[in-house]
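Colleague: Chains A and B, in that order, are what the protein sequence lines are.
Using the working numbering, the first residue of the first sequence is number 1, and each one after it goes up by one.
Using the working numbering, the first residue of the second sequence is number 1, and each one after it goes up by one.
Relax, there's no trap hidden among the hints.
A pair holds if it fits inside one copy or across any two, identical chains being indistinguishable in the list.
EDC-like mimics (lysine to aspartate or glutamate), calculated; alpha carbons at most 20 Å apart, straight line:
1. Lys15 <-> Glu336
2. Lys194 <-> Glu216
3. Lys224 <-> Asp196
4. Lys187 <-> Glu216
5. Lys227 <-> Glu125
6. Lys12 <-> Glu336
7. Lys65 <-> Asp316
8. Lys303 <-> Glu288
9. Lys224 <-> Glu208
10. Lys12 <-> Asp196
11. Lys53 <-> Asp182
12. Lys242 <-> Asp418
13. Lys53 <-> Asp185
14. Lys12 <-> Glu359
15. Lys227 <-> Asp196
16. Lys15 <-> Glu359
17. Lys306 <-> Asp316
18. Lys227 <-> Glu313
In short, the hints are calculated from the structure, not lab data.
2 protein chains.
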Amino acid sequence: MSLLRTIERTAKAAKEASRALSRASARKKNAALSAMARELLRDTGRIMAANRKDLRLAAACGLPKAMVERLTLTEARIAEMARSVRALASLADPCGSVDRRWRRPNGLLISRVRVPIGVIGIIYESRPNVTADCAALCLKSGNAVVLKGGREAACSNAAIYTALRRGIAGAGLPVACVSMIDPEDRKAVGYLLKMDRYLDLVIPRGGEGLIRAVVENSRVPVIKHYKGVCHVYVDGKADIGKAVRICVNAKVQRPGVCNAMEALLVDRRIARRFLPVIVGEMRANGVEIRGCRATRAIVPGTKPAKASDFGQEFLDLVLAVRVVDGVGGAAAHIAEYGSGHSDAIVTEDRSASRRFLAEVDSACVYSNASTRFTDGCQFGFGAEIGISTDKIHARGPMALEELTSYKYVVTGNGQIRD
Amino acid sequence: MSLLRTIERTAKAAKEASRALSRASARKKNAALSAMARELLRDTGRIMAANRKDLRLAAACGLPKAMVERLTLTEARIAEMARSVRALASLADPCGSVDRRWRRPNGLLISRVRVPIGVIGIIYESRPNVTADCAALCLKSGNAVVLKGGREAACSNAAIYTALRRGIAGAGLPVACVSMIDPEDRKAVGYLLKMDRYLDLVIPRGGEGLIRAVVENSRVPVIKHYKGVCHVYVDGKADIGKAVRICVNAKVQRPGVCNAMEALLVDRRIARRFLPVIVGEMRANGVEIRGCRATRAIVPGTKPAKASDFGQEFLDLVLAVRVVDGVGGAAAHIAEYGSGHSDAIVTEDRSASRRFLAEVDSACVYSNASTRFTDGCQFGFGAEIGISTDKIHARGPMALEELTSYKYVVTGNGQIRD
Numbered sequence: 001m002s003l004l005r006t007i008e009r010t011a012k013a014a015k016e017a018s019r020a021l022s023r024a025s026a027r028k029k030n031a032a033l034s035a036m037a038r039e040l041l042r043d044t045g046r047i048m049a050a051n052r053k054d055l056r057l058a059a060a061c062g063l064p065k066a067m068v069e070r071l072t073l074t075e076a077r078i079a080e081m082a083r084s085v086r087a088l089a090s091l092a093d094p095c096g097s098v099d100r101r102w103r104r105p106n107g108l109l110i111s112r113v114r115v116p117i118g119v120i121g122i123i124y125e126s127r128p129n130v131t132a133d134c135a136a137l138c139l140k141s142g143n144a145v146v147l148k149g150g151r152e153a154a155c156s157n158a159a160i161y162t163a164l165r166r167g168i169a170g171a172g173l174p175v176a177c178v179s180m181i182d183p184e185d186r187k188a189v190g191y192l193l194k195m196d197r198y199l200d201l202v203i204p205r206g207g208e209g210l211i212r213a214v215v216e217n218s219r220v221p222v223i224k225h226y227k228g229v230c231h232v233y234v235d236g237k238a239d240i241g242k243a244v245r246i247c248v249n250a251k252v253q254r255p256g257v258c259n260a261m262e263a264l265l266v267d268r269r270i271a272r273r274f275l276p277v278i279v280g281e282m283r284a285n286g287v288e289i290r291g292c293r294a295t296r297a298i299v300p301g302t303k304p305a306k307a308s309d310f311g312q313e314f315l316d317l318v319l320a321v322r323v324v325d326g327v328g329g330a331a332a333h334i335a336e337y338g339s340g341h342s343d344a345i346v347t348e349d350r351s352a353s354r355r356f357l358a359e360v361d362s363a364c365v366y367s368n369a370s371t372r373f374t375d376g377c378q379f380g381f382g383a384e385i386g387i388s389t390d391k392i393h394a395r396g397p398m399a400l401e402e403l404t405s406y407k408y409v410v411t412g413n414g415q416i417r418d
Numbered sequence: 001m002s003l004l005r006t007i008e009r010t011a012k013a014a015k016e017a018s019r020a021l022s023r024a025s026a027r028k029k030n031a032a033l034s035a036m037a038r039e040l041l042r043d044t045g046r047i048m049a050a051n052r053k054d055l056r057l058a059a060a061c062g063l064p065k066a067m068v069e070r071l072t073l074t075e076a077r078i079a080e081m082a083r084s085v086r087a088l089a090s091l092a093d094p095c096g097s098v099d100r101r102w103r104r105p106n107g108l109l110i111s112r113v114r115v116p117i118g119v120i121g122i123i124y125e126s127r128p129n130v131t132a133d134c135a136a137l138c139l140k141s142g143n144a145v146v147l148k149g150g151r152e153a154a155c156s157n158a159a160i161y162t163a164l165r166r167g168i169a170g171a172g173l174p175v176a177c178v179s180m181i182d183p184e185d186r187k188a189v190g191y192l193l194k195m196d197r198y199l200d201l202v203i204p205r206g207g208e209g210l211i212r213a214v215v216e217n218s219r220v221p222v223i224k225h226y227k228g229v230c231h232v233y234v235d236g237k238a239d240i241g242k243a244v245r246i247c248v249n250a251k252v253q254r255p256g257v258c259n260a261m262e263a264l265l266v267d268r269r270i271a272r273r274f275l276p277v278i279v280g281e282m283r284a285n286g287v288e289i290r291g292c293r294a295t296r297a298i299v300p301g302t303k304p305a306k307a308s309d310f311g312q313e314f315l316d317l318v319l320a321v322r323v324v325d326g327v328g329g330a331a332a333h334i335a336e337y338g339s340g341h342s343d344a345i346v347t348e349d350r351s352a353s354r355r356f357l358a359e360v361d362s363a364c365v366y367s368n369a370s371t372r373f374t375d376g377c378q379f380g381f382g383a384e385i386g387i388s389t390d391k392i393h394a395r396g397p398m399a400l401e402e403l404t405s406y407k408y409v410v411t412g413n414g415q416i417r418d
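Could you put the whole structure together from the sequences, leaning on the hints where they help?
Modeller: Okay, structure coming up:
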């Protein structure tokens with residue numbers, strides 16, 4: 001059978017499974033999640049063995065250290081994977097909940113009810129835990145999922161997938177609720193992205209190149225999780241102690257993630273007081289500072305920032321610093337260089353705060369808090385499939401509710417239109 | 001300047017205008033809508049003259065009669081256009097409203113706030129009133145819009161556009177809130193669809209061919225308004241009087257629109273009693289019936305339905321009729337042949353109704369009411385830009401709220417992440 005036919009059959013089977021899954025009770029879906037977690041634990045040995053195969057190949061290919069680290073599974077990581085899957089069972093089922101309900105003058109009762117999206121394609125790179133996470137999140141929200149992982153994690157993903165399918169089948173749901181596409185064939189993704197007859201949504205999880213390629217080729221709607229170029233703006237009316245704590249947390253606590261600060265904007269009115277303090281603190285934390293001209297005039301010896309340092313996602317202990325003129329200057333800088341992810345103001349001036357929160361067009365805007373809170377769990381959503389930088393359908397932390405659509409249920413007693 | 005550069009400049013100017021528009025007060029936007037309506041009325045003569053040019057060209061090209069009808073403007077139609085624009089001023093502003101607000105254990109206060117999407121591209125065909133409607137809906141919801149109409153309506157659209165811009169400028173908003181792309185150049189749409197740096201959403205309004213071409217070529221997210229293949233299922237436990245009224249209304253009241261019934265499904269248990277009645281009623285209303293084998297056995301002389309008659313959007317006084325086995329048979333038929341638009345059950349059996357409403361995966365599902373109610377105004381939304389058959393972002397009647405996105409506004413007093 002040709003690859004195109006194989007992909008088409010997989011997508012069609014997923015669509016059929018999604019119909020059964022959309023009717024499954026919360027109880028049945030939760031039982032499947034528990035079974036999936038149990039099978040992952042039971043297969044720990046097999047998954048580890050598969051992972052060792054991937055790691056041997058990675059070593060042979062000279063895969064970069066950071067990718068090898070992401071690829072590596074341990075017993076503890078598999079246990080954590082199983083825990084995440086099981087934890088979803090305790091969250092509320094987003095399907096069937098009523099967003100709102102109203103009655104029309106003619107007596108029609110209209111309810112907007114949450115329903116699964118249908119079939120979701122996930123295209124991702126090296127981390128094998130994404131396989132279990134995405135399968136579980138989609139199943140919990142009533143969606144069938146078609147997974148396409150990276151070639152470098154092929155054996156690990158296949159072993160995890162085998163365990164998950166056994167759990168699903170054991171719980172009496174169709175195994176096609178979760179399916180996986182052979183990562184070896186480069187044409188497979190292209191074919192999958194044309195399956196708009198069966199797929200309702202594609203979520204690419206990975207670097208910018210992967211996401212752009214998906215957007216370029218997809219007929220299926222895509223929700224993008226692009227980079228996070230997050231800013232903290234320290235206003236002239238900031239409490240300096242608060243500003244230092246927030247900036248250090250946003251930059252240093254976990255610099256390799258998308259909600260970490262990449263550029264610090266300092267109001268000219270406070271620059272002479274604040275910059276020497278924050279630069280000292282950052283350096284004490286091992287952060288390399290790249291400053292604009294005004295920054296370097298105040299803190300001599302600072303490395304000059306290149307134009308390309310603004311708008312850059314360093315994902316490292318590097319920070320671009322720029323002096324700006326008030327909230328207006330900060331908002332203009334963020335409009336030009338930001339990525340619409342997370343941006344914060346530190347100020348005691350409520351009108352400055354209001355203006356920043358209104359004018360900065362990012363998924364999450366903060367006043368007097370660290371950008372590091374942009375996270376489904378920190379928001380209280382219990383889980384997340386990623387942080388959307390799109391403005392269509394889902395924005396910011398994308399959790400179970402964002403994995404649903406809705407339909408209008410209209411009940412009457414014979415109403416017809418005049 | 002090359003066409004690509006022209007389109008890019010237009011898109012970029014729209015993005016800048018959208019920033020100013022997103023900060024405009026409801027009052028200012030409403031003043032602009034009133035001014036736009038006023039300028040439309042003032043330019044009635046010029047718009048009519050431009051329309052006559054289009055009509056002359058249409059006659060010379062031998063444009064089909066239905067298209068000429070859609071293209072034709074009269075004083076009354078222009079007055080109606082202005083009324084629709086002005087009516088939006090009295091609707092609530094969707095921007096700034098808070099979907100929900102909650103406090104986290106660490107004291108952070110999180111609000112999900114409605115914001116404009118940004119820049120919306122509308123690609124449409126012959127009706128010139130779409131120009132005014134879409135410009136006004138986008139402006140009201142705080143979005144800049146880039147319009148690309150059909151070549152056959154080029155003069156009419158340009159005249160309407162001129163009037164609208166004068167209104168916008170007079171109200172003190174940037175004219176680039178509404179812009180229009182020369183419909184003469186076929187490459188223009190292709191370029192526009194690559195402007196994902198500036199455009200946030202594209203809505204194609206037109207036939208299936210137009211929509212597919214947009215989906216095929218767009219890097220910008222698309223919300224699709226595909227066809228409506230709507231079904232009414234008459235259950236074994238239906239009230240026959242109600243069923244007749246609903247079916248006749250759904251088919252006959254306005255057969256040329258997307259929420260009209262295209263296929264009637266009749267439960268085998270009631271077919272002998274119901275079919276002769278409904279076929280008689282339909283014929284009395286000038287409807288051509290195309291029946292399945294079982295239908296023809298009960299009502300001899302009925303024209304046989306071809307396989308392609310099911311799933312067909314006739315938009316005419318033609319009805320496909322099929323006998324099915326209960327709710328399960330109806331749901332299976334709709335899953336196979338429906339377009340996910342609007343489908344209804346007629347029954348007095350509450351469990352049959354519940355099952356149908358749950359299992360049929362369409363934007364709007366009805367119990368004991370006509371499918372003709374799928375409409376923003378009938379739902380009480382005041383206006384609509386169309387009926388989405390997508391499941392991402394907006395489904396069913398797409399009104400002002402669906403023309404917005406949201407952002408999370410998070411306020412704290414120095415919170416940092418552990």
